[in-house]
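Chemist: Order-wise, the sequence lines are chains X and D.
The working numbering numbers the first residue of the first sequence as 17 and each following residue consecutively.
The working numbering numbers the first residue of the second sequence as -13 and each following residue consecutively.
Don't take every hint at face value.
[What the hints assert, rightly or not] Listed next, the in silico SDA-like pairs over lysine to any residue satisfying Cα-Cα at most 25 Å (straight line):
1. D:Lys433 - X:Glu84
2. D:Lys172 - X:Val192
3. D:Lys338 - D:Lys257
4. D:Lys433 - X:Ser91
5. D:Lys431 - X:Leu97
6. D:Lys257 - X:Val192
In case anyone wonders, no lab produced these hints; they're calculated from the structure.
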Amino acid sequence: MPTGSAAGTVPPGRKHRFLPGAAFSATFRLILAVLLTFFGLLLVTFLIGRVVPIDPVLAAVGDRAPAEVYERVRSELGLDLPLYHQFYIYVVKVLQGDFGRSVSTSNLVIDDIARFFPATLELATVATIIGVALGIPMGVFAAVHRDRWPDQLIRVVGLVGYSIPVFWLGLVGLVVFYVKLGWVAGPGRLDIGFEDIVQPVTGVILFDSAMAGEWDVFVNAFDHVILPAAILGYFSLAYISRMTRSFMIEQLRQEYVTTARVKGMSEARVIWRHALGNVMVPLITVIALSYAQLLEGSVLTETVFAWPGLGQYITNSLLNADMNAVLGGTIVVGCVFIGINLLSDLLYRLVDPRAR
Amino acid sequence: MKKLAILLLAGAMSVGAPAVEAATPKDTVVMAKQIDDIISLDPAESFEFSGSEVAGNIYDRLIDYDLNDVSQLRGQLAETWYIGSDGKTYTFKLRRGIKFASGNPMTARDAEYSLQRAVILNKSPGFILTQFGFTKDNVKERIKATDDYTLVIQTADEVAPTLFYYCLTAVVGGVIDSKLVQSHEKDGDFGNAWLKTNSAGSGPFKLVSWKANEAYTLERNDNYWGGSKPSIKRVVVRHIAEPATQLLLLTKGDIDYARNLTKDQIDAAKKDGNLAIQSGLKGAILYLGLNQKNQYLAKPEVREALKYLVDYDGIEKNIVGGRFAVHQAFLPRGFLGAIDDKPYKYDLAKAKALLAKAGLADGFPVTMDVRNGSPYTDIAQAVQASWAQAGVKLTLIPGDGKRTLTKYRARDHDIYIGQWGPDYQDPHTNAETFAMNVDNSDTAKSKTLAWRNSWDIPEMTKVTLAASREKDAKKRAAAYEAIEREHQKTSPFVTMFQETEVAAHRKNVDGLIIGPSFDNNLYMALKKK
């Protein structure tokens, strides 16, 4: 969770910026907090995974294996040990950088995540760009025309975004834009003909293909990502525009806005520079949260669009009681939240002069 | 403000640059299929539907069978074979001049290594071989290459020879390139870790890549020995979980085959002039298992009444049409000894009379565990409605597949709606699970479907075991027919349907072979105009 609250309080560390000792202890406390968070996250996920009434051995040997094979695999997976012992073994291994093997894919969890997370990262990033690029202007526009028809219209658009099931929206989107109009490419990340041209470096195809100068691949990947991203982006747009609107309404009431107008400053400058500038800090929190949510993966969108992302991976693993995979995925999600938290802290310092 | 609006609009429009008209590459066939069940592609380990299909296209076995008439065994890598006078020694003479995809020559040493390896590794499908008495300690003696082209196998007991032969036709009997696999052995794992995601076969295709939950790609094996080589170069199978998405891709021409369409989508595909439907009978049986631990279900009249309370024809017509057909015996059509008797039809009056006889004229409450997804939920709801007519209050407990299965295996269910596919093409595979229960205690080693439903049947177990040892095919078939008829009357299984596998494809592509078993779904005849 980003530490700055929506009201734009002073980020931590600022008060102490001339006291290196205190800053050190603050950093130490932060690291400790992060470690504790991870430990708690793992413990809870582990326990949930173990109380779910699904037999993890089934995922490894299937339904037909004879009793002796079943028992052998059960003990190979360490499932005959007491729970605390299983957890201890897992944590020790993780500390050594060994996340284990997924029983439902046979791969090292770390390799699986290296394949699925970039797909999610690509989708979430494009979706967030769409959400921000449309959501902020819409929110500002709604605030400026508060309670008149543009505001109502934007509110309806937002409401629709909130209330339509993404599964349905995805399928309808595919029927209209892919099948009927042919404006976008279909499910999956690339057409068959474009696969295996670019060697994956980061796994984010848009980035890898641009770096390799393979623009055909880039265009095809963009064609594939744009529809699912637009649909996910629609949801973050709904959220971002609503929040922007309420922040802006708050700012437009302030005296400095009246003063600026009285001084004869152009309306555009008042709105886009002064008022919007002041809502940037809480807005960053909003955007960061919605981005982090998308980075967890969105299993429904991924299913409809056959997008091999983290959401499908974690859900599949959970339904197979494939604990190594679930825990690995959880660690990634935890890292994403902490990483985005730090990033938004950093951004506050950039946009808020008081924090510099 | 105006400028901004125009800019936004322009941005939104530019997304809509028309995409190139879709078509798959000429030498490649692309399929959409649910393949997230694959755990491993090592033939000694692979035992899931999708994994069997891949292995079936990569590995040859010693013998196989005619896909149009399963009763006809044919040689694949073996040219001739015979059984010794002791009834336990089988000798296989192998074809000469066969090469693996790697270029290594195929000899009896490879067959010896493959079968020994499958026994020693003893993964999920290992029992198909170990049921003949092979263990890791005796297998080096019992499965032996006596020269480069002769393999001799000794079983512990005399069994029906066809039972043994059909077990060798299963994926676990696949012959692998021993030189190649041995070069990838690690810590005595017989190359298992490597072979999970690589291939070493002599079949028409070789594996290029398998990315779990994403796709696998096969490429033509240019060293293939068996008659005509495939005319297409590559087969790409993509994991598309959602059937509706599969249909969209097919309609658009981005894929050539959609493999998991449901009834509504099949109907829609039939109306599309660019698409065609093909189907093939599969061995999977859809049934209800009635747990005999439940006081009501343990009454014979109740079991019979429930069999009369299912609207078989109505469900076939309205829910599973095209994908399942009514079938009421535990041996699927096409198997030795399979019967096509359909003694049960929806008959409310008869069912009510039977319930009254059991002292349950007002019905009784009972639950059914139903895995989420098509067609289980729909069938369960139809059953719920028709049982209600006789006062049987059926509560459905929906759950994910693995969850309901866990409960079933622990015998904690009342009723379970399940599907069972044969492990190999011999009647013993289904007879064993549906009609044998050696030990009905909770700690039993063999947990057959009869055990899972706590059905204690010492007599039927004996008869079924004897049938697996009968050497005369006619007598053997008759034995199974008798067991099935008895089973239909008394068993706690409401056997309802047999599966038909359906694939929809573009009209310019055809030639997918949908055989009776999942490892007979073959790509070698695929053609593209």
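Chemist: Please write out, lowest number first, the hints stated earlier that are contradicted by the structure.
Modeler: Numbers 2 and 3 - these are the hints that the structure violates, sorted from lowest upward.
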